[in-house]
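Chains as they are written, first to last, in numbering that gives the first Met the number 0: chain P, 0 to 337; chain L, 0 to 337; chain S, 0 to 337; chain B, 0 to 337; chain D, 0 to 337.
Derived by calculation from the structure, the hints in this document are not laboratory data. Quantities reported herein were computed from a predicted structural model and do not represent experimental measurements. Keep in mind that a hint or two might mislead.
Identical copies go unnamed one by one, so any copy, or any two together, can satisfy a pair.
[As the list claims (entries may be wrong)] With a cut-off of at most 20 Å between alpha-carbon atoms, the simulated DMTMM-like pairs for lysine to aspartate or glutamate come out as follows:
(1) K220 <-> D172
(2) K255 <-> E192
(3) K196 <-> D263
(4) K335 <-> E134
(5) K102 <-> E87
(6) K63 <-> E180
(7) K272 <-> E192
(8) K150 <-> D45
(9) K335 <-> D252
(10) K150 <-> E232
(11) K146 <-> D76
(12) K302 <-> D91
(13) K334 <-> E187
(14) K85 <-> E227
(15) K146 <-> E62
(16) K146 <-> D263
(17) K220 <-> E87
(18) K255 <-> E180
(19) K335 <-> E192
(20) K272 <-> E225
(21) K85 <-> E180
(22) K196 <-> D91
(23) K149 <-> E25
(24) K310 <-> E182
(25) K223 <-> E87
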Amino acid sequence: MVTKAIDMSPTTKPGVILELISYNREKYNKIDSTDPDELLTHLQPDQVNWVNLDGLGNIDIIEKLQAYFCLHPLLVDDVLADQRPKAEEYDDYLFFTLKMLYKIDGTSIDYEQISFVLGSNFLVSFQEKEGDLFEGFRERIRLDLGKVRKKHADYLLYRLIDIIVDNYYNVLDRVGDIIDEIEETVYENPSNETFYKIQSLKKELIYLRKALYPLRDALSKIVKGESEYVKEENIRYFSDVYDHVSHIIDSMDTFKDLTSSLMDIHINAMNTKMNEVMKVLTVISTIFMPLTFIVGVYGMNFKFMPELDWKYGYYVVWGIMGLIFISMMIYFRKKKWF
Amino acid sequence: MVTKAIDMSPTTKPGVILELISYNREKYNKIDSTDPDELLTHLQPDQVNWVNLDGLGNIDIIEKLQAYFCLHPLLVDDVLADQRPKAEEYDDYLFFTLKMLYKIDGTSIDYEQISFVLGSNFLVSFQEKEGDLFEGFRERIRLDLGKVRKKHADYLLYRLIDIIVDNYYNVLDRVGDIIDEIEETVYENPSNETFYKIQSLKKELIYLRKALYPLRDALSKIVKGESEYVKEENIRYFSDVYDHVSHIIDSMDTFKDLTSSLMDIHINAMNTKMNEVMKVLTVISTIFMPLTFIVGVYGMNFKFMPELDWKYGYYVVWGIMGLIFISMMIYFRKKKWF
Amino acid sequence: MVTKAIDMSPTTKPGVILELISYNREKYNKIDSTDPDELLTHLQPDQVNWVNLDGLGNIDIIEKLQAYFCLHPLLVDDVLADQRPKAEEYDDYLFFTLKMLYKIDGTSIDYEQISFVLGSNFLVSFQEKEGDLFEGFRERIRLDLGKVRKKHADYLLYRLIDIIVDNYYNVLDRVGDIIDEIEETVYENPSNETFYKIQSLKKELIYLRKALYPLRDALSKIVKGESEYVKEENIRYFSDVYDHVSHIIDSMDTFKDLTSSLMDIHINAMNTKMNEVMKVLTVISTIFMPLTFIVGVYGMNFKFMPELDWKYGYYVVWGIMGLIFISMMIYFRKKKWF
Amino acid sequence: MVTKAIDMSPTTKPGVILELISYNREKYNKIDSTDPDELLTHLQPDQVNWVNLDGLGNIDIIEKLQAYFCLHPLLVDDVLADQRPKAEEYDDYLFFTLKMLYKIDGTSIDYEQISFVLGSNFLVSFQEKEGDLFEGFRERIRLDLGKVRKKHADYLLYRLIDIIVDNYYNVLDRVGDIIDEIEETVYENPSNETFYKIQSLKKELIYLRKALYPLRDALSKIVKGESEYVKEENIRYFSDVYDHVSHIIDSMDTFKDLTSSLMDIHINAMNTKMNEVMKVLTVISTIFMPLTFIVGVYGMNFKFMPELDWKYGYYVVWGIMGLIFISMMIYFRKKKWF
Amino acid sequence: MVTKAIDMSPTTKPGVILELISYNREKYNKIDSTDPDELLTHLQPDQVNWVNLDGLGNIDIIEKLQAYFCLHPLLVDDVLADQRPKAEEYDDYLFFTLKMLYKIDGTSIDYEQISFVLGSNFLVSFQEKEGDLFEGFRERIRLDLGKVRKKHADYLLYRLIDIIVDNYYNVLDRVGDIIDEIEETVYENPSNETFYKIQSLKKELIYLRKALYPLRDALSKIVKGESEYVKEENIRYFSDVYDHVSHIIDSMDTFKDLTSSLMDIHINAMNTKMNEVMKVLTVISTIFMPLTFIVGVYGMNFKFMPELDWKYGYYVVWGIMGLIFISMMIYFRKKKWF
């Protein structure tokens with residue numbers, strides 16, 4: 000999608016949901032609400048506040064968040080419109096946007112843009128649709144598993160990005176499985192179905208690439224320490240995500256090469272089949288055309304055709320035709336045509 | 000077009016129009032004129048002055064503007080000739096030139112070069128033809144909507160470039176639509192018409208690329224703060240346009256890959272069709288050549304052909320031919336030739 | 000040509016011509032000579048001295064110029080041998096070499112290497128052959144048109160390079176025209192002639208690229224202010240030539256893509272034609288092979304063939320053959336084979 | 000493999016083996032153990048301690064190593080998951096991971112990830128599977144051959160990486176041999192078998208590239224002196240490995256080009272064969288179709304066909320057919336169709 | 000070759016030859032020897048000493064040279080193994096290695112690795128085989144032609160590299176000649192022989208590229224002044240060689256494009272031929288199949304076939320067949336099939 004306008008059907012409007020999770024080492028609180036005014040009163044200055052918005056259809060809510068967090072108008076534009084992944088440092092916060100991938104029905108891939116605003120003690124996340132990959136992680140925060148309750152908002156951002164990037168591996172694994180699957184059949188059976196599978200793989204890789212290359216650039220900005228909202232001690236975590244993205248890009252390039260190799264194999268198998276067809280045609284024609292000519296000769300009605308009166312003429316003709324047939328077969332066998 | 004000379008038909012000469020819009024927070028004034036001397040007297044030193052020239056055919060007007068704004072001869076050359084998009088800092092102003100895209104009749108794309116000279120309190124814009132994308136924006140200035148009346152000339156330049164770049168999205172959306180449209184038909188029907196559509200898409204993307212890559216470079220110059228005529232506080236706006244152009248370039252590359260994927264599908268569909276044709280030919284030949292040979296045998300006029308005198312000879316021949324026919328059909332069915 | 004030795008036939012030797020143009024705001028003098036000793040006495044220390052040498056066959060003259068201007072032996076080697084375009088700063092002068100393009104008979108392109116040595120008050124130019132693109136410009140110097148008489152030797156160098164680069168546009172325009180011309184015919188008529196035209200275009204673009212990319216690098220060296228022999232104030236002029244070369248390279252890349260697109264169209268048209276031929280063959284074979292088989296059946300000479308004795312047997316056979324013919328036609332029409 | 004989880008079958012669990020080799024100029028000690036607690040007590044602070052772990056299935060052991068050497072959790076994640084080759088400097092050690100290549104049965108290639116943690120007096124190596132390339136080198140340490148006993152842990156790391164990289168040469172040599180082998184047969188015999196061999200070569204090169212490019216980047220980090228755990232004096236050794244990896248990459252690129260050249264040759268040979276088949280078909284058809292037509296003419300049963308009654312009609316027809324045959328042969332011979 | 004081990008047959012062992020040339024402005028001395036101990040006593044501290052070794056089979060000699068000049072073990076490894084061209088600065092000398100190209104029998108190309116160690120007053124050169132390109136240059140030193148006797152060891156290194164690089168031009172010229180030669184024939188005669196020539200050209204260019212790109216990098220290191228063993232005043236000379244290598248790389252890329260253009264022409268010529276063959280087949284079939292059908296009709300043996308009894312039936316059939324023939328010819332002529 001290149002459209003700047005938000006791509007969203009009106010039925011998702013009731014799905015607009017605001018959620019606040021605030022925590023520190025000791026405390027944990029979670030509030031769901033559709034009223035931003037009420038929700039924002041619960042922000043705790045001495046805790047990490049994660050405000051999550053599902054659904055971008057309610058401009059009213061977004062404007063209230065914008066006013067509360069002093070969000071720059073350009074930032075809000077970027078949240079609402081389809082954007083390439085990027086990290087952008089503003090005076091009071093860091094803006095980070097990327098694509099979240101879902102598998103739908105286990106076959107096609109769905110993209111959702113997710114944007115983050117990271118301040119000193121808050122993280123606002125904007126999602127296009129309800130439902131995300133973070134359910135298990137929310138539970139880990141509540142139960143105080145892992146380090147997240149001991150860390151600040153930048154670590155929270157790292158964890159969320161890491162979960163999204165980890166999900167890319169799932170998508171790539173599926174691509175790898177399909178490649179293996181195609182490879183087993185393409186040599187034997189270069190069907191159109193195989194060809195379409197290869198094409199749809201290529202398409203998925205094209206879209207993945209569009210999501211991943213800018214993401215790597217965005218992460219590299221943070222890794223270089225250009226943001227003051229990511230603490231020195233936590234840069235290593237973002238560096239790790241950066242390595243994962245690089246690894247995924249490598250794998251993607253590898254898959255791209257394998258896919259184009261599959262294309263070559265498909266084309267070669269098609270050509271081999273065609274060659275085979277042509278050989279059958281040629282063998283049949285080359286054998287039967289001379290024979291048909293011969294029998295045609297003795298089907299002529301000339302009055303004076305001495306052979307016709309020979310007693311064994313008929314058998315002689317069969318003999319000649321048999322010789323032609325056998326020598327043809329030897330010739331084609333030598334040429335390895337069948 | 001590579002020609003340096005201006006590409007313009009004489010009939011557009013009467014279309015040469017000078018327009019001055021000067022404004023600040025309180026005041027707004029708009030003057031249309033064909034007399035530069037008179038128009039230039041209305042420039043307000045304490046306001047933002049936007050001088051717009053439609054049509055480059057009247058050298059006289061251009062020379063008067065050149066004299067008034069002390070434009071460098073090389074700059075004027077660049078305005079008059081086809082130029083690659085660029086930003087160039089002169090002592091007294093910033094020069095910026097890019098391509099404006101129009102859709103004509105909703106199908107083909109028209110390019111127009113637009114050049115800007117940005118000074119501390121003025122912006123001069125040079126357009127090749129009458130009519131532009133700014134009509135709605137002029138109205139917004141007049142009605143004091145948005146921030147433009149509160150800002151300086153550099154913000155005006157940003158808005159104009161942003162409007163032009165936004166229009167690129169429209170062009171790309173159309174390319175995306177055509178790709179979707181072709182994709183639906185190309186698997187089934189690899190017609191030449193489809194092929195020509197793919198080719199014209201490729202051509203549009205080739206020209207787009209030529210317009211966009213240098214534009215990104217030009218914007219990056221401004222984003223890096225190399226120009227003193229774009230204020231620190233407004234660089235973020237140009238940075239936003241820069242991101243849009245990067246996004247468009249990403250999409251363009253994606254579309255390029257999709258287009259070449261469409262080509263592969265088209266070629267494969269062509270080959271599949273060809274294969275099908277060859278198979279029909281081979282099946283028909285392989286079945287009827289032996290049969291025709293057999294009936295030819297019994298069309299021979301030898302005096303001594305015992306089979307001819309058999310009572311059921313004719314039926315035996317039909318039986319043999321039936322057997323050949325059926326075994327051929329089984330053979331081809333096994334080979335999945337039809 | 001990769002050869003380091005000078006590519007020159009002995010007949011051009013008499014064409015070796017030395018020319019000196021010295022000028023400043025007030026004075027202008029032009030001397031033609033074949034005797035370097037005599038000519039060099041006319042150099043004016045307080046004027047711009049342009050020494051031009053046509054023809055590199057007379058080593059004697061070159062050695063005298065080398066001695067007079069203290070030219071480095073490597074520099075002289077570079078002048079005499081085929082060189083990639085480059086700018087090289089020596090202690091006492093700037094060395095610049097590039098390719099000059101000519102159209103010969105309006106069709107093929109001829110390359111000539113031209114080298115410049117720019118000192119503080121002189122410019123020496125070395126050309127391989129007599130005749131160049133500067134005739135009109137010499138006249139402009141004489142008549143004191145433009146700024147050249149008011150400027151120094153570096154501006155003279157700029158003007159000469161600018162004239163050479165401008166001529167590249169002519170060559171590219173011709174390429175563009177041929178592309179348009181081919182595009183009109185290639186869809187309908189994929190002849191070999193078209194194919195050869197496309198190939199020769201590709202070849203011209205390959206050679207152009209070899210001349211242009213290093214030229215851009217050479218100019219960028221000057222634009223970055225690395226040479227003390229090009230004054231700060233004149234760098235903008237070289238920067239303008241740099242932009243032109245970048246523009247030409249962009250156009251060249253565009254043309255390269257268009258050319259390979261033409262190739263695709265040609266190949267597709269060839270394949271379409273081939274498909275058409277194969278369809279004709281298949282249609283004809285598929286219709287007439289069964290028919291020929293049928294008439295063969297009733298050409299058999301069996302004694303007992305009841306159909307032969309039927310009164311309307313002949314007409315029945317015609318009827319059956321007519322049915323087969325019509326159903327085949329309907330089948331092929333449905334498959335859109337013709 | 001893109002999976003982050005460790006790819007390991009449970010049967011390798013018993014293969015988990017811990018090994019400690021500690022040495023300096025005078026002393027040498029080697030301990031095998033499955034109990035990390037016991038093993039770690041044998042570390043000698045004044046010697047080089049090489050701790051090697053074969054098999055990553057026992058999380059318990061890894062956690063004890065992690066605790067002892069204060070390994071960062073991200074580092075342990077990297078050891079356990081499939082990782083792109085990289086060098087990463089931590090506060091107390093340098094982390095280095097790369098791929099080890101094995102030839103299995105002399106044909107297919109097996110990859111194993113090996114990770115190193117280099118501290119001031121220790122080197123920990125993590126291998127996925129039992130068995131490695133270092134057996135001969137362990138013996139060299141024991142016998143005090145070469146410089147390793149006189150050097151520190153960073154030299155030990157260099158030697159291990161060098162051994163792994165040297166083994167890449169073996170893999171590449173094999174690729175080169177197969178290319179030579181294919182080249183000898185592909186011109187004559189473009190079989191599918193050849194094609195599959197080429198494809199499997201391409202696949203091996205694709206995977207090799209994925210292992211090698213990041214390895215070069217990782218080594219370049221060390222060569223630039225970014226790690227404090229590699230001493231200045233030993234950087235030259237890593238620089239040498241870096242050169243080897245560059246050389247291997249060059250060779251790999253060369254092989255890639257040669258492989259795609261083999262593909263071209265294969266395709267051309269296929270096409271040549273196809274052409275040959277088509278020519279045989281065309282020659283046979285072109286000769287026998289007119290002849291069969293002629294004999295068909297004289298097989299017609301018209302009452303009034305004067306030729307049939309001619310005495311030498313039959314011989315005249317043979318003569319005409321002979322003429323047609325000979326002129327066809329001359330025609331095809333001239334066209335060089337056989 | 001990727002093998003690290005030296006590729007050398009034992010028969011070259013007797014060919015191991017040591018040679019010392021020492022010179023300054025006044026003196027010149029040349030000694031051939033197979034005993035390094037004796038030879039090394041003749042080194043003159045106040046002269047330039049060029050020690051040349053032909054053949055790397057005698058490890059003894061190499062070890063003595065290593066001891067005398069304090070060569071680093073890694074350097075000796077690099078001399079003995081196949082290496083990518085590189086320049087490497089050690090404490091006491093500069094190491095430079097590159098490939099020397101020979102034409103063997105004027106057709107195939109042979110590569111030899113040559114390595115240099117440049118100290119303050121000596122240059123050691125290691126060659127794999129006897130015989131090199133320097134014979135003429137040795138004579139120039141002896142006769143004190145050119146500047147070499149007036150310069151130091153770094154100038155000697157420049158001259159030797161320059162001679163090697165100059166020889167690359169010869170190889171490239173040959174490639175250019177073959178391209179021209181192929182181009183003349185490929186349009187008319189797309190034989191397999193032409194195709195193999197194109198492929199062998201491609202192969203040569205692939206190997207050349209592998210030798211040249213790293214050489215340019217190595218030279219650029221010296222040009223940037225990174226070596227203290229090349230004096231400031233002589234860097235210009237190396238810069239000149241650098242330009243030559245860049246020029247050769249440009250030409251190589253050009254040749255690569257021309258070669259792939261030749262491939263396109265070859266493929267097109269093949270396809271055109273194939274099309275021609277198919278057209279002949281189709282024309283013949285389309286003309287004779289209907290005709291054969293017609294004569295088959297009147298070869299049927301029905302008792303009641305009125306046409307057979309017509310007096311001019313036979314001639315009418317000929318007339319109809321003539322009409323069919325002529326209209327087919329007109330049809331194909333219109334379609335430009337022949």
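Do the hints match the structure? See the list:
no., hint, in the structure
1, K220 <-> D172, "neither (28 Å within a copy, 30 Å between copies)"
2, K255 <-> E192, "within (19 Å within a copy, 24 Å between copies)"
3, K196 <-> D263, "both (14 Å within a copy, 13 Å between copies)"
4, K335 <-> E134, "neither (64 Å within a copy, 50 Å between copies)"
5, K102 <-> E87, "neither (29 Å within a copy, 33 Å between copies)"
6, K63 <-> E180, "neither (51 Å within a copy, 41 Å between copies)"
7, K272 <-> E192, "both (16 Å within a copy, 15 Å between copies)"
8, K150 <-> D45, "within (12 Å within a copy, 38 Å between copies)"
9, K335 <-> D252, "neither (40 Å within a copy, 36 Å between copies)"
10, K150 <-> E232, "within (11 Å within a copy, 33 Å between copies)"
11, K146 <-> D76, "between (34 Å within a copy, 15 Å between copies)"
12, K302 <-> D91, "neither (112 Å within a copy, 106 Å between copies)"
13, K334 <-> E187, "between (23 Å within a copy, 12 Å between copies)"
14, K85 <-> E227, "within (16 Å within a copy, 26 Å between copies)"
15, K146 <-> E62, "between (33 Å within a copy, 17 Å between copies)"
16, K146 <-> D263, "neither (49 Å within a copy, 50 Å between copies)"
17, K220 <-> E87, "both (9 Å within a copy, 18 Å between copies)"
18, K255 <-> E180, "within (15 Å within a copy, 25 Å between copies)"
19, K335 <-> E192, "between (31 Å within a copy, 15 Å between copies)"
20, K272 <-> E225, "neither (58 Å within a copy, 57 Å between copies)"
21, K85 <-> E180, "neither (35 Å within a copy, 31 Å between copies)"
22, K196 <-> D91, "neither (47 Å within a copy, 49 Å between copies)"
23, K149 <-> E25, "within (9 Å within a copy, 48 Å between copies)"
24, K310 <-> E182, "neither (63 Å within a copy, 59 Å between copies)"
25, K223 <-> E87, "both (13 Å within a copy, 14 Å between copies)"
Taken one by one, the earlier hints fail for this structure at numbers 1, 4, 5, 6, 9, 12, 16, 20, 21, 22, 24, listed in ascending order.
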